[in-house]
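Q: Sequence:
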Amino acid sequence: MLQSLYIKNYILIDEVIIDFKQGLNIITGQTGAGKSILLGALSLVLGKRLEGKNLLKQDAKCIIEASFDSNSDRLSKLLDQFDLDNDEQILIRREISKTGKSRAFVNDTPVKLDILRQISTQLIDIHQQFDTLEIMDKSFQLRVIDALAGIGKEVQTYREKYDQFVLLRQEYHSTKEVYQTQVKEQDYHQYILQEIEAIEVNHDELNDLEREWKTLHNAEQIKRDVSNQLTVLFQDDRSVLTQLNESLNVLRRLGDFSSSFTEWLGSLESIYIELNELYQPLEDTLAQVYQDPERLQFVQDRISVINSILNKHRLKSVDDLLAFSRELSEKVDSIEALRARLEAIEVHMQKEQDQLLRIARGISKKRRSSFMFFTSEMQSLLSTLSMTSATIMIDHSLRTELNQYGLDDIQFRFSANKGKEMELLSQVASGGELSRVALCIKSLVARNMDLPTLFFDEIDSGVSGEISKKMAGILKQIAKDHQLVCITHSPQIAAEGDQHFAIYKTESQDQTQTRVKLLSDSERVVEIAMMLDGDPPSQYALQNAKGLLRSI
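Numbered per my numbering, the sequence shown spans residues 44 to 595.
Rather than coming from a laboratory, the hints here were simulated on the basis of the structure.
A few of these clues could be false.
To be verified - Only pairs whose alpha carbons sit at most 25 Å apart, straight line, appear in this in silico BS3-like list of lysine-lysine: (1) LYS104 with LYS589; (2) LYS394 with LYS196; (3) LYS560 with LYS100; (4) LYS120 with LYS155; (5) LYS461 with LYS409; (6) LYS227 with LYS91; (7) LYS512 with LYS394; (8) LYS120 with LYS141; (9) LYS523 with LYS64; (10) LYS196 with LYS227; (11) LYS104 with LYS144; (12) LYS409 with LYS181.
Please take these sequences and the hints and turn them into a complete structure.
A: Put into structure tokens, the structure is as follows:
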């Protein structure tokens, strides 16, 4: 139940607090007095997005607070889910700063607007004048039938499973797209992989081949240079080795004269030995270097093959080529894993779809079972509102594919008069007829709602006189089981209220303000009389107002 609404510094409201009670709470006021401002403030505190300028005084912030008491199990689960204090009293606050930024709180804990909206939908249902349009919407009509069939929880379970199924289906399609792309590329990847594997290149091969090519290509020059060095160092009459040997003999003779010559002798002997040991390797190298045109051609061809495949794939080294080969191999191998993954998702998706179908068929059966109740009850309620010739029916068909609502497509068809063809509500109903149809539907649904509070904004639009009085009776009936707040222009409805608030404007020299007042019994007489006759009301209107109030 909505206990109170506190508004400070909002549009034309300086500060006001409204204490509501169980039953029928009436709000009236002249056109332009600020009833829409009150509804706007309530909508903001329930999670509506901020639009336009909202501050009365630009140097102060706006505060809107709504206090509720509720023991709904669904609400308790939501509060626990979002880690919010789960008290019997729910305090929702919306603050708008001087800069236009807003913050929302539930039991003094900051929350995002989407969370606030989820919570507020469990506390209050607001029906505005333009909301009569929603009764033409097929999804709203389905929700009406679901409420009458008492299958809200089943439909919620279905919706949650359907949302999961949609995600699974998206995963399937994205996986399938990747798989199909890889299938198209598989032959190409396999061809390249075989081409790389066919040359059987290894890590160091290219470097080894390039060194060998240099040797083979320069074999003649290498042999000539090595042969010359053998001659210079070892084989000539005046070779380096011969001259070293002569120097050694001289130093040996000089060693008899001074020990320093002996030290030089040791160093020179070491050089002689090392140079002598170099002979055999040079000799061996000379023997190994030979011209081999066939081998040179083979090496050139091999280098060309390797470089060609590197250039083809824009790779810099054999290491890059080997890494590329591993990558291709993994892609070729992964397609099998991807195929298995795709098949597993498909099996899972089919299982989930079968389960959804079973649930949807059960929901559809229960929906259809409530059609007759809906049409008969609507017929009775419309008759109460002096639409004795009006008829309403449900046009039902089954979908071939599941959607978020299940398998059912329904549309309400309506005829206000005998002999008129049943057509869609949007095509046949006038404003007054829509208001009466909307009230009848809301009345029916209210019996099956666990929402503690309903807020109707001018649901009496387009009707007057005796019809308004009959609508008042329906509203009074709703208020027996729900707290009902009703903004109305109808004196007949206003007279039925358990308490009555008037919204009015005051003007000072520099400011206009909207105010709200809880009316006393005598003040209600005057307010209803003004609704009947204008301001100031006539004695006849005052008497009529007293008569309306005495009739409740």
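Q: Which numbered hints does this structure break?
A: 1, 5, 6, 7, 8 and 10
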